[in-house]
Amino acid sequence: MKQVQAVIIGGGSAGLSAAVTLKKQGISDVLVIEKDEEPGGILEQCIHNGFGLQTFKEQLSGPAYAERFIKMAQEQNVKILLNTTVTKLTADRTVEYVNAEEGVVQVQAGAVILAVGCYERPRGGINITGTRPAGIYTAGQAQRYLNIDGYMVGKRVFILGSGDIGLIMARRMTLEGAKVIGVAELMPYSNGLPRNMKQCLEDFNIPLLLSHTVSKVFGKDRLERIEVVAVDENRNPIAGSEQYFDVDTLLLSVGLIPENHLADHAGIVMDPSTKGPAVDDRYMTSAEGIFACGNGLHVHDLVDFVTLQAERAAEGAAAYLKSGKRKGSALHIRNGNQISYCVPSQFYPEDPAEKLTVYFRVRTPLDRGTLVIRSGEQIIRQVKKQKLLPSVMEEAVLTAKQMAVLTDDITIEITEEG
Amino acid sequence: MYDVVIIGAGITGAMLCRKLSGYQLRIAVIEKENDTAEGATMANSAVIHTGYDPEDGTLKAELNVKGAQQYEAICRDLHCLYKTVGAYIAACGAEEEAQLDVLAARADARGIPYRRLDRAQALGQEPNLSDGVTAVLDFYTTAVVYPWEVANACLECACENGAELFLNAPCQAIQRDGDCYVIETPAGSFRTRYVVNAAGVHADAIHAMVAEPSWHVTPRRGEYYVLDKDTQPIRHIIFPVPSKEKGKGVLAIPTVYGNTLIGPNSDFVDDPDDNGTSEDGLNYVRANISKTLKNIPLNRSIRNFAGVRPTTTCPDFIVEEVAGAPHFIDAVSIESPGLASAPAVADKIIEILSASLELIPDASAVMTRKAPVVPAELSQAERNELIRSNPAYGKIICRCEQISEGEIVDCIRRTCGARTVKGVKKRVRPGMGRCQGGFCEPRVVEILARELGISPLEVVYDGQDSRILERENRV
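If you read the protein sequences in the order shown, they are chains A and B.
If you count the first sequence from 1, position 59 lands on 59 in my numbering, and the numbers rise without skipping.
If you count the second sequence from 1, position 220 lands on 220 in my numbering, and the numbers rise without skipping.
One chain only, chain B, in its complex shape (with noise of 0.2 angstroms):
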């Protein structure tokens, strides 16, 4: 019998298990899929928003603030990378930069701090600024992070606490018995006094399985370019203003390692796993990245994404307990700013749960995560030491990104390690550079299946079926 368990194990429930797993409570997450942060975790705009943009008195505004606040402690708790970039509102005239003087109030009455830049203060620090800017909105405590190494950090950080990660094993009913309720997956079933359902696009269906919702989801795409990480055409955010009907625009965002991301469209999609690009999105986000950009090197794109966005009816998010369903919780329509908004969103789960749920510390528990070795960061001599301590953080395997075999077999072995090629990829990068894998992957299948003791044959890109070689050849 389960304390909790948690659906999803995108950031929202990564960092709810994380905080949970400091009290003396059996947990488990149950994810469908074959890896953490595999939906709107892994392709979003990766910005933690300091709380300017939802409207006042929205749960959105709250969760943001107060969300953003805690990301950097939690990052180095975590070894997660947090770079603190800063975000650049971009208005184009008059009507625009009358809308910079709405965020800057929001941004005053919420003490999030910000400076106003004329053009040419802006120019200094952005020449690919487009013609048409007049003004900025200087948001300069805006960080970006890789949102799918926060969700897989806080995971492997509460699982090394006792919580339980289930992959593979999506949700297919759902019962109460008695005063708990019982989880059928293909991977088991879990009985359990509280579920927290953080299922994003899929959630309305997770819903339905205990209570009729009176929302549901409106899944909305958006897709990007990854840029060369030798171009670097800005430093910092750039947005362009934000408006009700495009909500925050085509973005320009520079990621914590270098890359450049420009995006996203929004467009809503039938399927809320269709996350494929279309040729229309991505004519969408390069028509109007010009906006407020201009030498955008998109003929340096490296790769295309897109995310699905659990948006719903409901234009706030929604956290709080189900009508008709006790020890049933929702904290979905977590569209953006839902990144930055999770820590807060998991205290505002916690102070639900404590409502009828005994939250005791546990004394024993670790809320940090072991760091990771990162020879990058080392000085010579103590890349030298470690080398010499274990010699395959001296055998480069990717080498866009220069990633040891030494790291790679680390983030296999550990807690919630990777068991794919893009797990790999995920945690500790090789086949994001500009080659995507060309050289390395064949490497990256090799010591996967050294590591898990499986054929290579076995070795998956992602999903359980996506295998990558398909037999053996005649010679």
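For reference, chain A alone in the conformation it holds in the complex (with noise of 0.2 angstroms):
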């Protein structure tokens, strides 16, 4: 068998950036693997601006965010092989991958690092009644139609859900001609940032209805109208508040869920939290060797935190070749009050980074609270902060210092003020 020191799977932000870090980190022989015509992934589709404000210090398009990225590789001479897709992953980092060219063809990984990235949840994951006819479309599907294949999918639109790529599709959708009547959000608040609730709704007159939800579609070929519901306080449909739109598109922009078929059949543990792989602050998996990144470990807010991240990992899978096992034994970092998800959700105190960042999201929005971080009863840290959205990926830090002298899991928690 083949063997290569590291594999990459997938060529999309994530996978590109970790590629780079793991030349510059003196790991020579670097392969990526990616399913699709060209490196870059969901970048490619991403045609707005807003990409890069962290990294670049400017504003990028998508595709611009991921040529320079595309470009860098080329600098350090990665091998990107395109158009293949790896059918296959075991514990023991053989990776087997299909093309056109090759065949299949299994190679022995020294580390892998998982960039798989995520995919949209479809209609039937919210059971949404009614008919089963065309004109229904998860949110990037139809940016891909729309940026990638150059069609528009329909001319009077619905979107439900205020994710980012619901808003984006409002705005493009709407710049190109159709008609968005509305979107609707389960939540009574938004899941998409505020520049985008402004930039893509307010700025365009699109109406959000909060505590919605589409409850029923109609139409035998293509999509006729579709019926809207009021929901309270439990996400229940209220009766009597049907809204009925006569609308031939409705787009789904409800939740991402990383892509972990791949880590799953190789039996890494999950994280139900974050519906990716758990992992260490080296971002590397329940396998030893296996690492995980960008949206196919959690679902990231910016492109600029995947990149970030993505760095960390391929720091990680470099650390790993280089000297294998770790030091001492892991603790683990927990979800308390109002935190839906930590990243990562271990990390080792006898072999600390300089600092170890936490990345985590609140259950719902707060005006203000504490960010505490405990070890025990102990609290090791605490931090003000302000306007906490769901939507907004948080940072909690500790130091190598402090991580060292700990002997019992962490927990971060936001405690409510008032």
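Since the hints were made in silico from the structure, they are not lab data.
Be aware that a few hints might be false.
[Said to hold, decoys possible] Heads up, simulated SDA-like pairs for lysine to any residue below, C-alpha to C-alpha not over 20 angstroms straight-line:
id, chain 1, residue 1, chain 2, residue 2
1, A, 79, A, 27
2, B, 246, B, 97
3, A, 275, B, 295
4, A, 220, B, 279
5, B, 395, A, 81
6, A, 220, A, 210
7, A, 71, A, 38
8, A, 275, B, 297
9, A, 216, B, 280
10, A, 385, A, 368
11, A, 88, B, 297
12, A, 179, B, 467
13, B, 229, A, 270
14, B, 395, A, 220
[What the hints assert, rightly or not] Chain B stretches covered by chain A per the calculated footprint, using a threshold of three residues with CB under 8 angstroms from any CB of chain A:
id, region
15, 302 to 308
16, 326 to 339
Every residue gets a Cβ at the ideal spot worked out from N, C-alpha and C, and that includes glycine.
Make one complex out of these two single chains by using the hints.
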């Protein structure tokens, strides 16, 4: 079997960032496997601006952001296999892939970095009732049709879900000449970034119906009409609140799910709160030498953080290739009050990094609160926070000094005031 | 002039068409929809019932047993998946256990194998059985298929033998003209000596074109959840004990490709085409599956669907020549176990035809279907050889189900090939996975357009008016 030092599965923003970092860390033999015909991943269809403010201190479109990393990868002589799908991964790092040129090939990797991205929750995942006509798309699918293939999917559009892709598509479809009737959001608050709320809905006078959902669709061949209902605080439909809209298109932006099929089949332990693999502070999964990053690890808000975490994962993989097993045993990082998830979820106090950044999200919007990092009963750090939103990733930072003395698992929580 | 025109390209019509294509006959199948297997055949529990359930003395009982016995061989000949998973009838308490005795007695009389399991034995096989289950009858020869795959494969085989399939050809009128019938459709007129009415939920309307029916269709809708194949909460089909009022009840079914179906409910609907799902229906399924099973991850649902059963006011199948309409044969009221019974329904119709129609075997007829290439079933060496000879088999289009471009192209180019996105999905499964086509649908549209020589704008999802793309964008 062919041996490769590091295989990166996925050539999107995470995979490319990881590849460049691995090379910079002196790992010469890096293979990126990408299923699409171009590297860049989902960035290629995100032609709007707003990428790269953290990484490059300027606003780039998705393809422009990707291009910078594609160029860096080329400069570093990263080998990228395109039109190639990984069909199997084992815990001992055998990677099987298939493409038209080589057929089915197995390689033995010294380290593997999963950078597989996520997929959009489909209609069947939220049980919208009614007929099954054409005209119902996930937002990213409609975005691909529009921005890559060059086709509009409809004229009168309703959008379910105020996640960022839904908001971006509300604007994009409007600019392309469609009438966007409205956006419904199940929760009493938006799930998109504040800037997208402003720039994609408010600036175009597109109504947002909070605490509403699409309950039923009508139409035999093509979508003709939808039923929208208000929901109560338990997200149950309120009888009598039905409204009907005649639309030919419904876009669903109802959640992104890390694509964990390969990891699952390799027996890698999943974190139920992120739906991606559980990782330690070097982004290593439960399978030795297999690392994870990007939206396949947890769904990010900004691509800049994808890049940042992919770089950490690549540094982790490089350290593993150079020195193998870590010192000591891991402590867990647990989700406390108001925390929906933390990444990473483990760290090694006897082998600490210079600093540990834990990324987390809150469950509900909070005007103010205190971020508390506890180890057992001991409070290690407290930070006042303002305007916490589920749509925005937050950070909790621990220094090497703080970590070195810990013997108990730590919990991250937000205490609410007043 | 046709010898036989079959109205309806569901499993009943398709199975008959294949069997008839082995004789020297000119046969047409006319189908009102834009693909084969679009009615009840598309949306049902996909179970090849062995035949313990129907009441003694019914046509259902006779044809179910005979039909089920033929299935495995038919699926082998047609290269369709046939997976023997076994069916558990799960009884809760003494009263229901007594019902198991009734089923066991019927099974004995009909030569259907089964074994009886106590709770502990059953739990060893199916750890998610509910706490209420006390005993199980295991009909271990029960199988599952993809019903639409079987129907389509039958028609492909028949059409290779010279039968003709006409899609988008709803029957608008039937006139008796001397010794024959003339069937009017938007796809043209069909003059034929014999007509077989296999029109499913529309069978009463078709029958009424030649004679007043003594029965009518009372469409009964059933709704289902489809669960992600990574969940696999069950290995056998799990039935509650059947009842007269509720029929077979809410089941859990492992499909041939490893998804799990949970359903159906049973709701009478006014419109025979009303195959939309409903909140009440899905809630009913959700509430009732807990009778026999626990830990069913309905939160891992990837799709819901509903189908309409062609139930009629007659409690049994009706397979007979229509009184007052010679050579017009009904194959109607074919509700469950219609899928399992289809081969025997076909035999029964052939028996009726043979009374006045000379059936001469066609020596050139081939009753098998050319095997589709399924890369997942090949060894690595075979697969690499395949990819060398046709690189399209190395290009994965559907990542959830790992379907290659080669398989998609093949299913379009075949006889009775796919013409729609759903047609491709029914034949080779891109879009059946957890992303439900989110990633691969644009690629499938592109491949369909290329293979059919049409613009992507003309590619439809399913019916003739189900366009996916509105127009080219402005840029």
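Hints versus structure:
The straight-line distance between the Cα atoms of residue 79(A) and residue 27(A) is roughly 12 angstroms, inside the 20 angstroms bound, and the hint therefore holds. Pair hint residue 246(B) plus residue 97(B) holds up; C-alpha atoms about 17 angstroms apart against a cutoff of 20 angstroms. For a cut-off of 20 angstroms, the pair hint linking residue 275(A) to residue 295(B) stands: about 19 angstroms separates their Cα positions. Simply put, residue 220(A) and residue 279(B) have alpha-carbon atoms about 18 angstroms apart, close enough for the 20 angstroms limit, and the pair holds.
At most 20 angstroms may separate the alpha-carbon atoms for a hinted pair to count; residue 395(B) and residue 81(A) meet this at roughly 12 angstroms. A C-alpha spacing of about 29 angstroms is found between residue 220(A) and residue 210(A), which places the hinted pair above 20 angstroms, so the restraint is violated. Restraint check: the Cα-Cα separation between residue 71(A) and residue 38(A) comes to about 13 angstroms, which is no more than 20 angstroms; the hinted pair holds. Between the alpha carbons of residue 275(A) and residue 297(B) the distance comes to roughly 15 angstroms, so the proposed pair stays at or under 20 angstroms and holds.
A distance of roughly 12 angstroms separates the Cα atoms of residue 216(A) and residue 280(B); the hinted pair therefore holds under the 20 angstroms criterion. For the proposed pair residue 385(A) and residue 368(A), the alpha carbon gap of about 6 angstroms is at most 20 angstroms, so the pair holds. Simply put, residue 88(A) and residue 297(B) have alpha-carbon atoms about 25 angstroms apart, too far for the 20 angstroms limit, and the pair is violated. For the hint linking residue 179(A) to residue 467(B), the alpha-carbon distance of about 18 angstroms falls within 20 angstroms, and the restraint holds.
For the hint linking residue 229(B) to residue 270(A), the alpha-carbon distance of about 17 angstroms falls within 20 angstroms, and the restraint holds. In summary, the hint linking residue 395(B) to residue 220(A) is not supported, as the alpha carbons are separated by about 33 angstroms, beyond the 20 angstroms threshold. Coverage of the region 302 to 308 of chain B by chain A holds [criterion: at least 3 residues with CB-CB distance below 8 angstroms; count 4]. With a threshold of 8 angstroms between beta carbons, the proposed coverage of the region 326 to 339 of chain B by chain A is violated, since 0 of its residues qualify and at least three are required.
The structure shown violates the earlier hints numbered 6, 11, 14 and 16.
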